[in-house]
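Undergrad: Model the full structure from these sequences, guided by the hints.
Protein chains: 2
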Amino acid sequence: MTLARLIFAIGVFWTVAFNVSADAADNATIEQVRDYRLAHEKEILQELIEYLAIPNHAFRAEDIQANLEFLLSAFERRGISARILETPGAPPTLYAETKSENAVMTLTVYTHLDGQPADEADWSTPPFEPALKRPPFGDDDLIEFDSSKLRANPNWRLFARSASDDKSPLIAMLAALDALRTIGESPNINLKFFVETDEEQGSPNLRRILEHHKGLFADDDFWLFADGPMHESGVQQIVFGVRGVTGAELTVYGARQPLHSGHYGNFSPNPASRLAHLLASTRDENGTILIEGIDALEAPINEESLERLRGRLKDLPSPLANLGLAAAEKPGAPREIAVLNTALNIKGLSAGAVGARARNAIPDTASASIGFRLAPGVPPAKALDLLERHIRDQGYEIVREAPSADMRLQHDKIIRVTRMDGGYPSAYTDLSDPQAVNMIRIVESVRPDFITIPIAGGSLPLFYFKDVIGAPFAIVPIANADNNQHAPDENIRLGNFFEGIELYAHILARLGNTDSIGD
Amino acid sequence: MTLARLIFAIGVFWTVAFNVSADAADNATIEQVRDYRLAHEKEILQELIEYLAIPNHAFRAEDIQANLEFLLSAFERRGISARILETPGAPPTLYAETKSENAVMTLTVYTHLDGQPADEADWSTPPFEPALKRPPFGDDDLIEFDSSKLRANPNWRLFARSASDDKSPLIAMLAALDALRTIGESPNINLKFFVETDEEQGSPNLRRILEHHKGLFADDDFWLFADGPMHESGVQQIVFGVRGVTGAELTVYGARQPLHSGHYGNFSPNPASRLAHLLASTRDENGTILIEGIDALEAPINEESLERLRGRLKDLPSPLANLGLAAAEKPGAPREIAVLNTALNIKGLSAGAVGARARNAIPDTASASIGFRLAPGVPPAKALDLLERHIRDQGYEIVREAPSADMRLQHDKIIRVTRMDGGYPSAYTDLSDPQAVNMIRIVESVRPDFITIPIAGGSLPLFYFKDVIGAPFAIVPIANADNNQHAPDENIRLGNFFEGIELYAHILARLGNTDSIGD
Numbered sequence: 001m002t003l004a005r006l007i008f009a010i011g012v013f014w015t016v017a018f019n020v021s022a023d024a025a026d027n028a029t030i031e032q033v034r035d036y037r038l039a040h041e042k043e044i045l046q047e048l049i050e051y052l053a054i055p056n057h058a059f060r061a062e063d064i065q066a067n068l069e070f071l072l073s074a075f076e077r078r079g080i081s082a083r084i085l086e087t088p089g090a091p092p093t094l095y096a097e098t099k100s101e102n103a104v105m106t107l108t109v110y111t112h113l114d115g116q117p118a119d120e121a122d123w124s125t126p127p128f129e130p131a132l133k134r135p136p137f138g139d140d141d142l143i144e145f146d147s148s149k150l151r152a153n154p155n156w157r158l159f160a161r162s163a164s165d166d167k168s169p170l171i172a173m174l175a176a177l178d179a180l181r182t183i184g185e186s187p188n189i190n191l192k193f194f195v196e197t198d199e200e201q202g203s204p205n206l207r208r209i210l211e212h213h214k215g216l217f218a219d220d221d222f223w224l225f226a227d228g229p230m231h232e233s234g235v236q237q238i239v240f241g242v243r244g245v246t247g248a249e250l251t252v253y254g255a256r257q258p259l260h261s262g263h264y265g266n267f268s269p270n271p272a273s274r275l276a277h278l279l280a281s282t283r284d285e286n287g288t289i290l291i292e293g294i295d296a297l298e299a300p301i302n303e304e305s306l307e308r309l310r311g312r313l314k315d316l317p318s319p320l321a322n323l324g325l326a327a328a329e330k331p332g333a334p335r336e337i338a339v340l341n342t343a344l345n346i347k348g349l350s351a352g353a354v355g356a357r358a359r360n361a362i363p364d365t366a367s368a369s370i371g372f373r374l375a376p377g378v379p380p381a382k383a384l385d386l387l388e389r390h391i392r393d394q395g396y397e398i399v400r401e402a403p404s405a406d407m408r409l410q411h412d413k414i415i416r417v418t419r420m421d422g423g424y425p426s427a428y429t430d431l432s433d434p435q436a437v438n439m440i441r442i443v444e445s446v447r448p449d450f451i452t453i454p455i456a457g458g459s460l461p462l463f464y465f466k467d468v469i470g471a472p473f474a475i476v477p478i479a480n481a482d483n484n485q486h487a488p489d490e491n492i493r494l495g496n497f498f499e500g501i502e503l504y505a506h507i508l509a510r511l512g513n514t515d516s517i518g519d
Numbered sequence: 001m002t003l004a005r006l007i008f009a010i011g012v013f014w015t016v017a018f019n020v021s022a023d024a025a026d027n028a029t030i031e032q033v034r035d036y037r038l039a040h041e042k043e044i045l046q047e048l049i050e051y052l053a054i055p056n057h058a059f060r061a062e063d064i065q066a067n068l069e070f071l072l073s074a075f076e077r078r079g080i081s082a083r084i085l086e087t088p089g090a091p092p093t094l095y096a097e098t099k100s101e102n103a104v105m106t107l108t109v110y111t112h113l114d115g116q117p118a119d120e121a122d123w124s125t126p127p128f129e130p131a132l133k134r135p136p137f138g139d140d141d142l143i144e145f146d147s148s149k150l151r152a153n154p155n156w157r158l159f160a161r162s163a164s165d166d167k168s169p170l171i172a173m174l175a176a177l178d179a180l181r182t183i184g185e186s187p188n189i190n191l192k193f194f195v196e197t198d199e200e201q202g203s204p205n206l207r208r209i210l211e212h213h214k215g216l217f218a219d220d221d222f223w224l225f226a227d228g229p230m231h232e233s234g235v236q237q238i239v240f241g242v243r244g245v246t247g248a249e250l251t252v253y254g255a256r257q258p259l260h261s262g263h264y265g266n267f268s269p270n271p272a273s274r275l276a277h278l279l280a281s282t283r284d285e286n287g288t289i290l291i292e293g294i295d296a297l298e299a300p301i302n303e304e305s306l307e308r309l310r311g312r313l314k315d316l317p318s319p320l321a322n323l324g325l326a327a328a329e330k331p332g333a334p335r336e337i338a339v340l341n342t343a344l345n346i347k348g349l350s351a352g353a354v355g356a357r358a359r360n361a362i363p364d365t366a367s368a369s370i371g372f373r374l375a376p377g378v379p380p381a382k383a384l385d386l387l388e389r390h391i392r393d394q395g396y397e398i399v400r401e402a403p404s405a406d407m408r409l410q411h412d413k414i415i416r417v418t419r420m421d422g423g424y425p426s427a428y429t430d431l432s433d434p435q436a437v438n439m440i441r442i443v444e445s446v447r448p449d450f451i452t453i454p455i456a457g458g459s460l461p462l463f464y465f466k467d468v469i470g471a472p473f474a475i476v477p478i479a480n481a482d483n484n485q486h487a488p489d490e491n492i493r494l495g496n497f498f499e500g501i502e503l504y505a506h507i508l509a510r511l512g513n514t515d516s517i518g519d
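If you read the protein sequences in the order shown, they are chains A and B. Using our numbering, you'd call the opening residue of the first sequence number 1 and step up by one each time. Using our numbering, you'd call the opening residue of the second sequence number 1 and step up by one each time.
For the record, the hints were derived by calculation from the structure and aren't laboratory data. Errors might be hidden in some of the hints.
All copies of an identical chain are treated as equivalent in the list; a pair is satisfied when it fits inside any one copy or across any two copies.
[To be verified] List time: in silico DMTMM-like cross-link candidates among lysine to aspartate or glutamate, alpha-carbon distance up to 20 Å:
1) Lys330 with Asp412
2) Lys413 with Asp284
3) Lys99 with Asp221
4) Lys330 with Glu298
5) Lys314 with Glu129
6) Lys413 with Glu397
7) Lys99 with Asp122
8) Lys133 with Glu298
9) Lys466 with Asp433
10) Lys314 with Asp449
11) Lys382 with Asp467
12) Lys413 with Glu285
13) Lys330 with Glu397
14) Lys214 with Glu388
TA: Okay, structure coming up:
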């Protein structure tokens, strides 16, 4: 099929096929989508490669504009209306939508088009010249894509910035739509796309953008985040929540200048020792938080889903050996269970000097950077309030600037606490939500070894979606776990990309099947 | 008196006067020595200024040689035999001696001629161009020494590297001898001088030098260390001991690389938290060491002298306010009491990063530099052994290099401990030693507000003297406490220098008074 015919066919598909009821999806769909993909591998990969070839540093407006234009064309040639959402004081966002008269629900698919900065010097091949390689992915393993007569091997990988994070998922979703049209499946859902352009900057404008355009999403039933990697074991994961995040910088004060450790050792308080005692009082060695009040805030995790998770994890390998660890912090707790609770992480310590630079001095200050990963139910500001109450309970006077000379003489124990800007709470979809139940059932039907993650350890600003839009959501990733996300030589394994097309097609086809909703 | 006449007179003094019994010293001596000093201020200051004008970085052999030659001349023109002690593999040391036929004891006076490196850019006046200044010691407060017709004011200060540490004490001692000769007092002691040349480098060659030349000091009854500052309150102190010193570098290991604090927070052990717990377990917030076995090793301090010290300290101001502190580490304990015990000081902490450089990561390692200041009775190696036993009791496997991959998988808690090279134990003279009793009585008779310090907090390698020579000793300083020792704009207050001449003359005159020894 030529590209012109494909574009025409897709146009027809979107203007006609979506008006047809589409509850016939079943597992046979997967086979047909696979056949479609096998027949169109080169066109699909070609579209992905073109997208990846456009540099996408979030801070370069011309890069972002080029990516937006590429996507506007990609949607338009499929007959999907697409446009750029402008938001005062924020970068542009791509929005696309296609409606079905028989729609029983509305789904918005989230991806982002920007990537982490990539320094070409660190890469084996230039980050914006997508390179196809066979294992073991050395300099001699390049595959000349255009001249390749071979069918793509699932173990080949495409190397480029954003190959996994987060360009492949959108191309996979578009290929899934193309495949469904070709095989005559027509999802009975309204479908929208939201493509963010500064996710890798920490989504600093996301809340403003969502609030400015919230009317567009008022009827949303579900958000599907097509982002992130597969579970580290390699199996499919569906993630229904993330931890929140906040933190603080702490500085404990000693004498007004470093003092000779001989003349003053045992007389002038050692701020590094005081900091060690303070930090030791906030959490035990197993990570259990000792700050009163935090665990009481944590929302209980659905016990049934927890039991299912525990059972599922018994069959999966532990990442401990790969991390060079003999044991987990909470003895015996798998990672997916451990991260369901709030974590208090010491990100950094600094006082005086160590090693060859160490001096025989009592430091004048000792600092720690601490971060919270917040379980559902723990608001960032409340976590910091409880931390500060705990610090005061240890006898400290809290200051916001370096203490004045007078203040030093008034208080024995002085600490400066600088609360982190820009934290946010956990966001999650309850696993008993009908849409969540439906999504789990759909994925399970084609990925029986899948794993459901109630709360992932990391933090994403999903809270803004939850807070502004309010729809339930799930993250359904397709990228290989070892994709070098955010690092040099980022890549997507072709098998993951191709199977991702099948999975997304299956989800699009089945999501509007009313039989599977609401029970 | 011209310089030529003075040299002649001193020569006569040393060949004649020391053969005369000299037990007539009394408090009247002080008055006569003061008169001598008032009459000879300019010559005395001139000699000090000439000595200070010779650069004295220990690592520049030509500087050291120039200082040695200056001192050889200074001793020789007083008729005191002086020579350079050569020691294989060590820098030269100056030795001088003068004997008395009626000597009842032998005293060696210690000083050092080298100084801390001085960067002229940091100084108000060049460090080796001695500058006399009146308060408040600004750029406009220079006194043209040669043209001054004024009698020196005790509050003037002479600015130069080593003005206090440690050139003034030797010139004061020589001036004291000149004064005693002039007034007809003749000490009935054998007197030696030992002038070290790399003290500011930490005396790395001291033991070798002492062992090589120990025969020279076999008959020593006492060593007087003419070094260091007055008590911080400004009163005269006599110091009979110092703490020892040792230390270690500690590194606690986490996963083999920094990990995302979201994905792994609560799962992968946080080495910074483990280090905080470990450090908190070694000492409480008041500095009390919790490592089992260390306090049992500490030699008890003479209870009577401790009571006297406590009583004396009641009348002296606390340094807390000057240090910007509301309270001492051991609540209520004065510095001089607190430093009688072993101190465990955290000199530095390092893990990940703090402040703007902090990342949302679990650090892969966390390090601390710790130092011990050792009370009498605690050998450095034993302190480190007990520390390591304590660390093992906390469940750690101790390694000496970064752990291998295999070792990481075998042990949950791994720490690298690097023991400090070059530590040494405390050295002290028991306060019931007859020579110590005598020295206290002599100083007391002219400095009734003096303070006796059984063990100073700092560490000096006096252990080598104690171990190789074995004589009792005392440090009797004369420099003002605010002399900027080791720092830019080092200085000696003239009043301290002049009164130091009187004190040293009194000690030399009275030390051989047999009435005051042995009771």
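Undergrad: Need the list of violated hint numbers for this structure, in ascending order.
TA: 5, 7, 8 and 14
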